[in-house]
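Participant: Between the sequences and the hints, there should be enough to build the whole structure, so can you do that?
Protein sequences, first through last, are from chains X and V.
For reference, each letter of the first sequence is one residue, going 1 to 735 in the working numbering.
For reference, each letter of the second sequence is one residue, going 1 to 735 in the working numbering.
Check the hints yourself; a few may be wrong.
Note that the list lumps identical chains together, so a pair holds whenever it fits in one copy or between two copies.
Each computed SDA-like pair below joins lysine to any residue, with the alpha-carbon atoms no more than 20 Å apart [what the hints assert, rightly or not]: (1) K371 <-> D586; (2) K691 <-> H378; (3) K368 <-> K583; (4) K371 <-> K583; (5) K210 <-> K691; (6) K210 <-> D688; (7) K691 <-> I211; (8) K583 <-> H378; (9) K371 <-> G680; (10) K691 <-> I215; (11) K48 <-> Y102.
Honestly, the hints are just simulated from the structure, not real lab data.
There are 2 protein chains.
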Amino acid sequence: MEKIPAIFWLAPVVSVLALSFAYYFFKKMMEAPEGTDVMKKIATHVRKGARAYLRQQYKVVGIVFIIITVIFSIMAYGLGIQNPWVPFAFLTGGTFSGLAGYFGMKAATFASSRVANACRTCLDGGLRLAFRSGAVLGLTVVGLVLLDISLWFIVLNLAIPETTPGIKLLTITATMLTFGMGASTQALFARVGGGIYTKAADVGADLVGKIEANIPEDDPRNPATIADNVGDNVGDVAGMGADLFESFAGSILATSLLGAAAYLSYGEKIQINAVLAPLLIAAVGTLLSILGVFLVKTKEGATQKQLLRALGFGVNSSAFFIVIFSFVILYFLNIPNYVGLWGSIVVGLLAGIGIGQSTEYYTASAYKPTKMIAASSHTGPATVIISGVGIGLISTAIPLIIVVVAITLAYGFATPNLFSFDAESINYGLYGIGIASVGMLSTLGITLATDAYGPIADNAGGNAEMAHLGKEVRQRTDALDSLGNTTAATGKGFAIGSAALTALALLAAYFEEVKMMFVNFLGRSDELINGVPAKDAQFIDFIYYYDIHLMNAKVLVGVMIGVMSVFLFSGLTMNAVGRAAGKMVDEVRRQFREIKGIMEEKAEPDYARCVEISTKGAQREMLIPSLLALFIPIFVGLIFGVPAVTGLLIGTISAGFALAIFMANAGGAWDNAKKYIEEGNYGGKGSDDHKAAVIGDTVGDPFKDTSGPSLNILIKLMSMAAVVTAGVAVSYHLL
Amino acid sequence: MEKIPAIFWLAPVVSVLALSFAYYFFKKMMEAPEGTDVMKKIATHVRKGARAYLRQQYKVVGIVFIIITVIFSIMAYGLGIQNPWVPFAFLTGGTFSGLAGYFGMKAATFASSRVANACRTCLDGGLRLAFRSGAVLGLTVVGLVLLDISLWFIVLNLAIPETTPGIKLLTITATMLTFGMGASTQALFARVGGGIYTKAADVGADLVGKIEANIPEDDPRNPATIADNVGDNVGDVAGMGADLFESFAGSILATSLLGAAAYLSYGEKIQINAVLAPLLIAAVGTLLSILGVFLVKTKEGATQKQLLRALGFGVNSSAFFIVIFSFVILYFLNIPNYVGLWGSIVVGLLAGIGIGQSTEYYTASAYKPTKMIAASSHTGPATVIISGVGIGLISTAIPLIIVVVAITLAYGFATPNLFSFDAESINYGLYGIGIASVGMLSTLGITLATDAYGPIADNAGGNAEMAHLGKEVRQRTDALDSLGNTTAATGKGFAIGSAALTALALLAAYFEEVKMMFVNFLGRSDELINGVPAKDAQFIDFIYYYDIHLMNAKVLVGVMIGVMSVFLFSGLTMNAVGRAAGKMVDEVRRQFREIKGIMEEKAEPDYARCVEISTKGAQREMLIPSLLALFIPIFVGLIFGVPAVTGLLIGTISAGFALAIFMANAGGAWDNAKKYIEEGNYGGKGSDDHKAAVIGDTVGDPFKDTSGPSLNILIKLMSMAAVVTAGVAVSYHLL
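Facilitator: Here it is in structure tokens:
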């Protein structure tokens, strides 16, 4: 193979830089004063709860990882249907993802009281502190991903022997992809466990506190309030971090493999450039993210709009410059059709923005849909639910159309003769889809910072409320929090959109995996059919050998199982929240009944008990849905083989994306419809309309924070599991 | 072509027989006394409302039919991309389906007061009358389908010229399929319009009547009560009838086409037998249905269980004998592998029963899921909704697995070498899937009678309540009604299951349609590729020419648009109910406020105004979702061509089936959880738990009676539209 080009080293350098800045922001935040003793005490409660949860979570996940590693080792060393590096790559992916979640959450839990304290003096300080604490998560995630990929690339380049020209790079990239499988597995548990935790606490706290006892949100008299604040951290910080760690890693790795396959015939010099392009774009995006973080500032007395503009300025500057720099990178790397590929990147970026905009339209109270839900509260909770479900379902249309257009354009631009769908163009088109997903995610460092900012602001508000800080302080934290709700909603849209594109890149990578086995193990590469041009003949042979055409009933079977998996998984996570929340409600009611003096603040509620209920509930409930996601692709492969697995992935990605958008948007819209009423519309707080809207909001909680976001991981993990175990479906299948 | 074999004439004879019995049951029912003057008056109100609605509906649908017929005529006579018989076949399908709905509803609206009156003396008389009135719909539907197909077969056999052997039958069956498209279009409007109508009235009546004014269901003081009863007829009788008319016709016609294609090479004698087999199985099933209707009887004082057993005995006897007779038919027709095909039929029947059982498990209060929802009412309406959504989502797993297993077995049994998936076996396997759907639907005459029985019993109860008949009479009608709820739930499961299998048969037919154009228009049939056996080469050529393999990004695009269509369509119908119900609520509140003396029964409410609101709401709201369903397949074909349309159908069928099951089961479970509480559990009627459950029930109304069942038609209509306009996608497409 050609020597690794010098520009490669940009990636490890940027990764170290990102991690250093993360550490710098963390140190700076730790220097800020923690506030009063009460504030400290509350923060310690939350921090302890969060740490206890994470420890418990990593124990369970650790066992799962050991089991999977053993299985992979058997597949690699016993059956020989997998690369010997797979078990190790799998483990590092999981470990790095876990570390990112841990550090991000640590920063968030240390930040909350400090942000609340900063708000005692001014708004600007609060915003900057909260945002830079969020940046700790953002930069840790992208830094660790870049680091892990760079290290593996160096190691595998040394370890894997040179064979036929071009094949080495294919093998390296295919092996690295399994690192993503480790990240996916970790992410699933983080999202599902965290999601169940946070919503069990939230629903439980709201149902008894707000509705029955008529005490406000985050009131220290509510026994579930600490658990609720812990939940924001484990669900929204650690969970979101693991989710996007996975997307970032998955999109880069899948695209590298697609690049190795597409540019195989161009010689190794071009091929290695195509392999490194996604990594380098991500590295430059990370550099721009660091710069962007420094651009976010605001002044005292800033309005909600100005705050939003401050965040937007940082994010948009990074996005703007990546458009320019990605062109420079592709040009510099001298990849054929670099203009077209640059078009694909821009398409990915625009798709991300488009999905975010659509999320905002369907969930912000400034627009018609949420206003309609608020208006329907006039006829009671039933119509609130009906209209929320209706709007949620409708809201899937625009994002799906955006993805469809994005696939078509990203594919079409990347093909040599614009929009050619013939056998020869396919590899280039799929690389285009991959690179679009990398484009969308390139500035993740800063977009993730704005996402993590939300729960930090929320927790700061909680801290201020529980510590009975003055009205002015509460107003400032409220301003930060309300901003956080907007960024959280668009962040969710972004997370789903990037998950969908990443999963599509993985689906494309699945074809490459299968094709490699077709060529390597089955030795069918040079079996030419007379009368058809060589490449086409190989391609036809490939399609025909695996029967991956649409008249094969197994494809349909696969799609149906894929759709089923998505529905079943969502139902299981929904019910898990219902069950855990039910237990929380009973506990809160019990404490109100049995611990005398809670209401008069003469006795402290037993916060720890509620934390424990959420922790146990989450751990117990997360196993079955998670294992389902891991094993369905393997079982389908074992019974029906490659065509059904392909169908499975197509079904899972399509239905999973739609269901995730439906759940996230319906939940977001219910939440904001309630807030809209609380602002004094339709009777305001305490009216019957408000009560109806609160019920909608409560229903929306598991929609938008448990089942919806968990689906992001489901679609990526199932694709990953299919890619990594492709050898099983190829070598053994019943029908 | 061979002469039409004598056994063909069984079909028209049975069709006349079925229609005669329908007329006989109708006459018998009309002879029964109508009851008191009040009862007559109420029945007249309902009948007038229903007739007014249907007249309005047929006007709108008429306009749509004229437009589509013009388009088809242009396609057939102008562009030459369609058979010249298509516009006519389309029109008769629509007309016959409309007639079936009209007659069925006429019988139902005449029956309600008579059933209530029969219940004044004994239960047995009431059951028999209600059931036989339901049989009018059942037998009219199957009779008209058999008649229309038989007539067209005779006409086309005379009209279409003899060409290459075997091609004539392919042309005849392909042409007849468009008759199904007319039925689909009619059905969509019936289901969507009827569904919106009935739930706008029901939700409106419940929200104000039950919850705000605290008056019981069907109380004559409620202005929306007549509209509610009208709704049962237009939604559950006419809508359900049109739905299954379509499934029955679609499955027979698609299977005939698949038979003509699969057995082309066996010579015309075998080929015509394979074409007629589905028609003959349906004819014999219809004969058995007539016999089954006469087997349903019970005695006075029968328990709920005995009533259910009485109905079950009729249905099961028909099913049992069709298993035997279908074997005889296949054997007699001498179709190769008749044992395997018979296996496929049995698979279809068992799948229907399995889906029904699963529906019952997830929606009947005797089982855990519904009890869980009832228990969650203890923590308020939010947890009722959460657990209902969770259980609804989970409940999709078993039916989807059943369909997956059924597809695999029905396909596998029908292939010459059991479970062979190679190019040569595909046609036989697809015929197997088709014949399984025919098997499932063969005894539709009697299953539809039990479905239509439900709303008739419901209306009889309404009539008794409004006419203030004695407690004993109410108990009897309640017993009938409660039985109706069980049959309605399993009936819904059956309707969805058969819709899915019919749609799959249509998907298979789509391949045949496209293949015929490949052979006829494009003349690619004898372009053999050297080195590959002839048949395989043709097949590869076919797959390759159309690019219908899984690596084509257009397939993915199609699946995504399919999933999107399903979500968007459900959201639109959901919101339509929300909007129409909101208007109804306002109107009922206004009448309670402005018409003095309603509550004391001194003044009569303005029923007609509520009927008008429902009618207008339904008409206004049904157009957009319906047109969407019609035109999406055409647009996708025009932009992306055949691979995307195929993906579209796969996506629509899979996601549509899952969403339909989710909605139907969640709705059914909420309904029965409420009834379970009303039986005295968890505090019983009037408790907070009950109020929470009523909210769940109200949310479930549009789930189970509007959006859910409308999806059945959506998946069939989109498949039909794709089949009929296949020429467009083949001849013109942008990318």
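Participant: Give a verdict on every hint.
Facilitator: Comparing the hints with the structure gives:
For the identical chains of this complex, K371 and D586 are inter-copy neighbours only, at 18 Å across copies versus 34 Å inside a copy, given an alpha-carbon limit of 20 Å. With identical chains, the CA atoms of K691 and H378 are at most 20 Å apart both within one copy (10 Å) and between copies (17 Å). Taking the shortest alpha-carbon separations for K368 and K583, only the inter-copy value of 18 Å comes in at or below 20 Å, while the best intra-copy value is 37 Å. Taking the closest pair of Cα atoms, K371 and K583 come within 20 Å of each other only across two copies (17 Å); inside a single copy the shortest separation is 33 Å, beyond that limit.
Proximity of K210 to K691 under the C-alpha cut-off of 20 Å is found in both arrangements, the shortest distances being 10 Å within a copy and 19 Å between copies. Proximity of K210 to D688 under the C-alpha cut-off of 20 Å is found in both arrangements, the shortest distances being 14 Å within a copy and 17 Å between copies. Proximity of K691 to I211 under the C-alpha cut-off of 20 Å is found in both arrangements, the shortest distances being 8 Å within a copy and 15 Å between copies. In this homomeric assembly, K583 and H378 come within 20 Å of each other (Cα to Cα) only across copies, at 12 Å, whereas the closest approach inside a single copy is 31 Å.
In this assembly of identical chains, the alpha carbons of K371 and G680 lie at most 20 Å apart only when taken from the same copy (13 Å versus 39 Å across copies). For a Cα distance limit of 20 Å, the shortest separation of K691 from I215 inside one copy, 14 Å, qualifies, whereas the shortest one across copies, 23 Å, does not. Proximity of K48 and Y102 under a CA criterion of 20 Å is satisfied intra-copy only: 13 Å inside one chain copy versus 69 Å between copies.
When each numbered hint is compared with the structure, no violation occurs for any of them.
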